Structures are given as C-alpha cells and as structure tokens.
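*Asks:* Take a look at the letters that make up each chain.
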Amino acid sequence: MPSVLPDGEPVPAAGTLPPEALAGAADRPLGFYAHVPYCATRCGYCDFNTYTAAELRGTSRDDYAATFAEEVRLARKVLGDDPREVETVFFGGGTPTLLPAADLGRMLAAIRSEFGLAADAEVTTEANPESVGPAYLAELREAGFNRISFGMQSARDHVLRVLDRAHTPGRPEACVAEARAAGFAHVNLDLIYGTPGETDDDWRASLAAALGAGPDHVSAYALIVEEGTRLARRIRRGEVPPTDDDVHADRYLMAEEALSAAGLEWYEVSNWAATDGGTAGGGAGAGGAGAARCRHNELYWTGADWWGAGPGAHSHVGGVRWWNVKHPAPYAEALAAGRSPAAGREVLTAEDRRVERILLELRLSAGVPLSLLRPAGAEAADRAVRDGLLERGPHAAGRGVLTLRGRLLADAVVRDLVD
Amino acid sequence: MPATETTVPQPSRTEPALIRNFCIIAHIDHGKSTLADRMLQITGVVEQRQMREQYLDRMDIERERGITIKSQAVRMPWSPPEDAGGGDGGRGTAHILNMIDTPGHVDFTYEVSRSLAACEGCILLVDAAQGIEAQTLANLYLAMENDLTIIPVLNKIDLPAAQPEKFAAELAGLIGCDPADVLRVSAKTGQGVEELLDEVVRQVPAPVGVADAPARAMIFDSVYDSYRGVVTYVKVVDGMLGRRERIKMMSTGAQHELLEIGTNSPEMTPADGLSVGEVGYLITGVKDVRQSKVGDTVTRLSKGATEPLGGYKDPKPMVFSGLYPVDGSDYPELRDALDKLQLNDAALVYEPETSAALGFGFRVGFLGLLHLEVIRERLEREFGLDLIATAPNVIYRVVLEDRTEHVVTNPSEFPVGKIEEVFEPVVRATILTPSEYIGSVMELCQNRRGTLLGMDYLSEERVEIRYTLPLAEVVFDFFDQLKSKTRGYASLDYEPTGEQSSQLVKVDILLHGDKVDAFSAITHKDKAYAYGVRLVARLKELIPRQAFEVPVQAAIGSRVIARETIRAIRKDVLAKCYGGDISRKRKLLERQKEGKKRMKMVGSVEVPQEAFIAVLSSDEGDGKGKK
Chain A
1 MPSVLPDGEP VPAAGTLPPE ALAGAADRPL GFYAHVPYCA TRCGYCDFNT
51 YTAAELRGTS RDDYAATFAE EVRLARKVLG DDPREVETVF FGGGTPTLLP
101 AADLGRMLAA IRSEFGLAAD AEVTTEANPE SVGPAYLAEL REAGFNRISF
151 GMQSARDHVL RVLDRAHTPG RPEACVAEAR AAGFAHVNLD LIYGTPGETD
201 DDWRASLAAA LGAGPDHVSA YALIVEEGTR LARRIRRGEV PPTDDDVHAD
251 RYLMAEEALS AAGLEWYEVS NWAATDGGTA GGGAGAGGAG AARCRHNELY
301 WTGADWWGAG PGAHSHVGGV RWWNVKHPAP YAEALAAGRS PAAGREVLTA
351 EDRRVERILL ELRLSAGVPL SLLRPAGAEA ADRAVRDGLL ERGPHAAGRG
401 VLTLRGRLLA DAVVRDLVD
Chain B
1001 MPATETTVPQ PSRTEPALIR NFCIIAHIDH GKSTLADRML QITGVVEQRQ
1051 MREQYLDRMD IERERGITIK SQAVRMPWSP PEDAGGGDGG RGTAHILNMI
1101 DTPGHVDFTY EVSRSLAACE GCILLVDAAQ GIEAQTLANL YLAMENDLTI
1151 IPVLNKIDLP AAQPEKFAAE LAGLIGCDPA DVLRVSAKTG QGVEELLDEV
1201 VRQVPAPVGV ADAPARAMIF DSVYDSYRGV VTYVKVVDGM LGRRERIKMM
1251 STGAQHELLE IGTNSPEMTP ADGLSVGEVG YLITGVKDVR QSKVGDTVTR
1301 LSKGATEPLG GYKDPKPMVF SGLYPVDGSD YPELRDALDK LQLNDAALVY
1351 EPETSAALGF GFRVGFLGLL HLEVIRERLE REFGLDLIAT APNVIYRVVL
1401 EDRTEHVVTN PSEFPVGKIE EVFEPVVRAT ILTPSEYIGS VMELCQNRRG
1451 TLLGMDYLSE ERVEIRYTLP LAEVVFDFFD QLKSKTRGYA SLDYEPTGEQ
1501 SSQLVKVDIL LHGDKVDAFS AITHKDKAYA YGVRLVARLK ELIPRQAFEV
1551 PVQAAIGSRV IARETIRAIR KDVLAKCYGG DISRKRKLLE RQKEGKKRMK
1601 MVGSVEVPQE AFIAVLSSDE GDGKGKK
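If you're matching them up, the sequences are chains A and B in order. Position 43 of the first sequence, counting from 1, maps to 43 under this note's numbering, and the rest follow consecutively. Residues are numbered in this note's numbering as their position in the second sequence, beginning at 1, plus a constant of 1000.
Source of the hints: derived by calculation from the structure; they are not laboratory data. Because the structure is a prediction, the values reported are computed rather than measured. Ideal Cβ positions, reconstructed from N, Cα and C, are used throughout, including at glycine.
With a Cα cut of at most 27 angstroms, we get these calculated DSS-like pairs of lysine-lysine:
1) K1485(B) with K1166(B)
2) K1593(B) with K1540(B)
3) K326(A) with K1587(B)
4) K1527(B) with K1515(B)
5) K326(A) with K1576(B)
6) K326(A) with K1585(B)
7) K1525(B) with K1540(B)
Examples of chain A residues lying across from chain B (beta carbon under 10 angstroms, computed):
8) G308
9) A313
10) S315
11) H316
12) R407
13) A412
Go ahead and model the full structure; you've got the sequences and the hints to work with.
*Replies:* Below, the structure written as structure tokens:
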C-alpha cells in the first residue's frame, strides 16, 4: 500500500466502531489483510510502508508475529459477537517471506483461532522469488497457505536492475514450479511494464516467460513513479528516462493480447486469471470457473469487509475506513498498551459509497450497475458507449463495462460517470 | 530657514510676489520622495516625530513600487537669509513654497503636463551616480515647453559611486547652464537642502495673474477620498476663490458649492480662500473625479470668467485589455470594484464584454501599460479578485471598402472582409542608452517597425535615440526586450503622436475548429505567421490531451497559417487500486472533479484556466519596472 496516509478523524482508543458499521455484517464476506512491513532492501520505485533492518528503531522482526496477534485479538473485541468466519487472508508487504515461515504460520493461526477460517478460505502470501525455496514453501502449505504471489516484475536483467530487484531472471519461473510441487493450487506472477529502459521486446519476453511458467493468475502494472522514491529522483536528475503514457498504453495492449491468448482473462484492469480452472497454457488446475481470481482482492473491489492488521494497514467495515500508524515502533507500543494502533478513520457518506462503488466496480469485467448513476452520469455513460469506451451490449442490459480502450481511460470515464 | 509662525502669510492673503510654485522632476529611485520629505522637515511643516518615510506617497502600491501616481501640493513657509534677497544675512521675509508633486510615469504625461502648468519652476533632480534617464528627460522637455525655470540638482552626492563632475556636465549640456550652477545635495543626510530652498526662492519666478479679474483656477489633480468625496487640487491663476462660493467647471458647466477650500501642510487645512497665484484644494461633495477633471478651469458661478484656461484635454485610453474573473461568479464584484476605482481615476474606462472562452468580463481602457498593471494589481489586492487579463491591445481604425469606418478595441471584433485600410496609433519614443548598446536598441526598434527620428549624444557614453513606433509594438513586450538588450541600462519614454496606416491582419486561434476569441490578435502581416506558430506551439504544450485528437490552428480569415495537433490521450487509469488505495483514490477523484470545474469549455475541448493565464501573460508586454 502507498505509504502516505489519508487525512481522517481520530479513532477511539479501543478501536470501537460506530454501531451502524456492524449492521448487516453477516451478509458481507469478511477478509483479513496481514501487513509485513519488512524488506531486505528498499527498491527504488517502492513507496510502500516497509522498513529495512536499519530503519526499525529498536523494534525487532522476531516479535512481529506476537505483536500482530495482539491486533487480531483487538479485532475480535471490536467486532464483538460478529459470527463470520474469515473467507480470505492475504499476506502482503513489504516482504512477508522475509519472516520465517513459522512466524507467518503463527500469524495465520491467530486469525484462525479468533475468527475461524471458512472451509474453502483463500490464503495468499506475497513472496519474493529470491527469499523462498522448496522447504519454505512446504512449511507455508503446512501452515494453511494455498495461494502464492511472486513478484517477478520482468524477465530482463537490465529492467530488474533499474527496479532494484534482487532476483535473477529465471528464478520466478522456477518458483512457480516449486510452488506447484509444494501443492499450491493458485500461483500468481506480478509483472511491471513501462520501466525506464524497457523496450517492447523486453516486455514481450517478460510476458512469454511468465506465461511459460504456467501461473493461473497474472497481475500486470504500469510502473508508477511515486514522488519521494529514489526512482523519481533518478528520473528528475535525467539518469533514467521517464516513460511516456502512450508507451504504457501500447504495453497494456500487448499484455492483453498475450495473456488472453494464453487463456487468462481480464477481470480487473490490472488482473488476469485462468477462466476454466486451468492455468496459463492450458494445464489442468483446481476449482471451477473464476476460481483462479484473487477472491481477497475482489473483496476490496466489491465493498466487502476486511480487517487490515499491521503497521500502516487499511481496514474497511461497513462504510468505515481506517488505517494504522505507519511505523512498527508506535504500532507495537499502542498494542502493548492495549490501545488501537489506528491513526485515523473516515466514515463514508452515502455519496462517498456511491462514488467508491462506481470507481471500483467500473474497473471490473463485471462492470458497474447503471442504476448507481444520476442523470448526468447516465448521459455520460451513453456518450461513453458512442465513444467506444463502454461495451454496448452490457450497457443495454444495465451495466457499464469498459471496452479495451475504455480500460486504458478508466479514470476519465469514472470522472464523467460520477456526475 | 524655517519661518516663524507670526510672519507666515496666510492663504487668501498672500502676496503673489512671495509665492513660489515648483515641482520636482526626477527618475524613480533618484530620491524625489526623500528630498520632499527632507523639505517638509526642514521647513517645519512636518515634525520630526511624525516623519514617516516618503510622506507624500500614500498608496501602498505606489509605496511598494516606488512610484507616485497621484500628485498633491504642499504649502511650506520658508525665509531665505536676507542676503538671498540682498540683505546682510539675517532672517528674510517669509515666502510660501508650494511643492507640487508630479506623477512620475510614462502613462501620465498629460497629468504631468498639468502639474507642470501649475508651476513657475522645477527642480531637476538627478542621481549623481546614474545620470539622467529617459523619463526625466521627457518631463524636462515638458517643463521647458511650459517655460519653467529649471534648477538642476544632483542628489546622493554622499554615495561613494557619485560622479558629480561628470553628471553636472551632462545636465549643464542639456539645459544650457554652467556646470558650476548645478546644485549638489544629499536628500538623505539633508546636506545642501536648505541652500536648495533658498535657490527656489531666488530663482523661481513668482506667479503672475490678474488679481481683480474673474476667478480662474486650473485643476491639476483630483483625488477621491472615501470620507471627503473628491478633493480637487487647483492653482488660482486669476482672481480669487472664497469659501462657501458657488463655482462652475468650465468644460461641463457643472455647478457646485464649495464646502471647503484650503491648503495642505501637509494635512488638509481649511482656509478663507485662495487668491491669485496660490495653490490648494477644493471640496464640493462630488463623488466622482470625472466631475472634476484634470486640466479643467474652475470659475465663480456669478460674474465668472468666460474664457477657460488653455490646455484642457479629455483623458484618452490608449491600451485595452479584457479583464475576466477566474471564477465567473465574481463578475458582480469585479463590476463594483471597477466602479469604485473609477471614482478616483478619470482615465479608467470600461464596458461589459462577453467572451466565449472566458465568460463575462469587461473591456477596460487604460492610459498605458503601467496604468493597466496598477489597476489590475489593485483589483486583485484591494478587492481580492482573481483575474484573467487578455493581452493588451491598442485601438484600430478600420476603413472598409464601402468607406464605412469601425473603431476596434477588441481584436475579436476586427471586421472581416473588404478592408480598405487600417490605422494604428503611433508614439514618439525616446530611449536613453549607454552608447555601446546603440546597435541593439536600433535593431530592436527596426524589428518593431520603428522609424528613426534622430539621435543625440548627451555625453560620450550616453545617447538619446528617438523613434516613431506603433504603440502596439510598444505594448507588446518592448520594454522587457529593451531592458534585456541593454542589460537594464536603457530607459524609455513615449508619447502618442497620432496614427498611421499599416498592413494589419487579424490572426485567429482555433481549437478543434472553434475560434478562441481571447487569443485573437491583430498583427502586422509580416509577423502574423510567427505569432501563429508561437501561440499554436504554446497551446499544444498547455492544453492537456483530450479523449479525442484536437487540432490547434492559427488562421487569417479562412487561411490556416499554423497547425499543431494535440494527440488523443490513450492512458488515464491508475494501475493499482487495492485496499489501502481506495480512500486516496476517492480523494484524488474529488480533486480532479474540482479541477474539471475550473476548466473552460471551448467547443468540446476542456482548456484549463491556467492555460489561458499562461498564454496571455507570456504575451503581455510587461509594464513592471517601466517607471
């Protein structure tokens, strides 16, 4: 998650939610996000909330699992007698796999013991290709993880170097095989396009390499150069060239072409998943239609509830969004003192929630119900159909679904639809 | 030396022979205000403890920019030593010195000329480290035309960089005196100021008028005061004005009752009247300076004069600009603000105007660029308005083939079709420059369609160059160019001298086929292409890519002379949108919606307000620093 926290109102020390946030909770799925705020080194493009050993100011990674469990117990208290089991868990970072697999297991166990995991729960962790091996993967499986997401980013050495990634080309593909061997049903590869110095051919090669490894899910992101990162400084100093938006657009179209040809279908602007329970390239896999999609991320996009635990993690329950303090030290201190580590929150108005639904659901292949639009927004949707940004068929059936060109201009379409 | 109170002649009872009316002609920064302050102090008019730097400049903007716009007159008693009047060095007769402050800028030549007409003498004040500047020279020539006695003075002689010998020779050459006659003072330390006051008494002639003739007083300034209404500054040329009299403005025939008459020393002090040769103020209760015009003659209603004094002119705006509120809902505030400013500025004219691109605003006429700059700054600062100003333009007279005539103050209204002839205003420009820059200055003037009138060396190193230039070329960035080509050393003055027929065309800018009225410009036909190419390139940079391809064209009539294309935007989507991104993304959307509100629609193209401001301000001949 980006490291800049929004402005919000204060949160009660006990983390108590307004009663209306819990109303009707039983009808919504509940997920858990576990943030692991550690990295071996910070990558030049990264503005996420993560800390290298040198940045930790006296807190220790060794205590993290225990501290995290404190927040899970706080979550239990705040959610009270909410009967829901957890449907999805997602470990992100940072680099979760920088912690021993046993620690990740303990963190997951804390969630399981306080809330219970649904029988078919999806449990994902992000992993850096250089930080895992067969034994580690086996331990994760043993602890209950069934989905893994590797930060591959590129198949080209020079691109990985600009991104400061520590792994070598070829390693992520090997990881996919090791994960399959360890029994992971679902494997994702993250790719980044538009890195300064990357060519169209480099990108094609990365797509081919990723698909060749047979994941059942690929996320492909345009590189966002965030202010304050080392990469932003390097571009400003002219050490590396900035990437033109048109190049991003071209690379996106290349991704769409290659991924769909391999049997992965887009279901969110930056996410593609195997459609038939298979894998890229057609291998047989587990689950039914759509089973390869990341159900946890789908919770974010459909307004479901999730508790984000860990420094800087964001949560959402029934129209209340809150976020924890960023640094691991005050985070641990708050929990040790029995206080909520939340730094601020916002209680969404009905209009906020309408706008959020439009901006999130429009990014999905399922689209957004046109019934959410006001007259001006509905007119804008008509125009967007004429301009080739929304699909004609779904529009006629009452849903706004982006065309391929529309996906590249999704933010512009949203600005018009919320009118 | 200061006169004692008992011996000081009182207003309405002052012998003309004891009156000295003078002004100070100086370039900005040459120390006029400091000298005036020192005189107020030395004559005892202002107590030491009340002394405020630059007492005479009242408006903040003037104070900040070091310019004087509104003049005032201060009555100071002064007794020269007896020997100045031929005695033995004791205290002499108390005289009355009326110091009339002149506006110091190129745009206010007419007001300056009226201030000078109220004087019999002037102090030519020049910085001993810098020498005379074009502005000063122009005013000096005006003073000479008015037959004023000129007392040349070098100021700042205490500065290490002062070169009094050199500049005394320059001044002596200009006015035809002996270098030894050039006085040397330091207004800052007061050195030489008493002697200067003595010289004013000795050299400046007393006013000459007919005491028993019907009253005739010349208005040399008119200032709106929110408590008193209009304060009118006059010099009584003939006869006398008494309090409570009925008066008449001779240009309009308007009649008023004198509610108050008096002198400034330096605060307004009521008196019984003003007699021949005296300078003071009148208050009639009118609220608008237009009812009390600079240059007009005031007389008594009964048994008044029949012939006005000469020299009256209506102020004529020379430069026009469209002023639009950035936020369209501020239009009524802009109108009220202009109404208020007009109370104190007879030269300010405006009428409502609608621009397809900028919405509702006003076409405003100014005396010149500084006038424009000052008004715009006051509107923004005193009235808290955010404004977009279109590039300044001049008035064109267009004669069509059917011999009908059109006066164009807004380029977008330039007639299309059968044009026989177009006339544009021209000015006589005087440029003073170090001689090493003669080549660059002449090149600039030639590029701006100038005609050389003449050139004179003021000294070995300094040259006066005179050109006839189209005013349109002067308002377009000329002063900045002049400064940059002479490393800041050249100074400029200009005065309107009439009009000339020129090969002028209107260049329109089209966005996606729609004309953007705010960017229409009238240029010489040889420059139209360069203007079109430059503006089109600039707009391509400033207008964000839209959902469709947008051609940006410059055209003369239907002929396109320049074209660029803003490519359609292909990507406008954030790659990542996960749990922690949602609040941020919603807030970004809110900001973008706000930004969208500030967009102006030109046809179907969204143009950011900033693009208008950037294009218009880069085109604007900047009046800043033109002092």
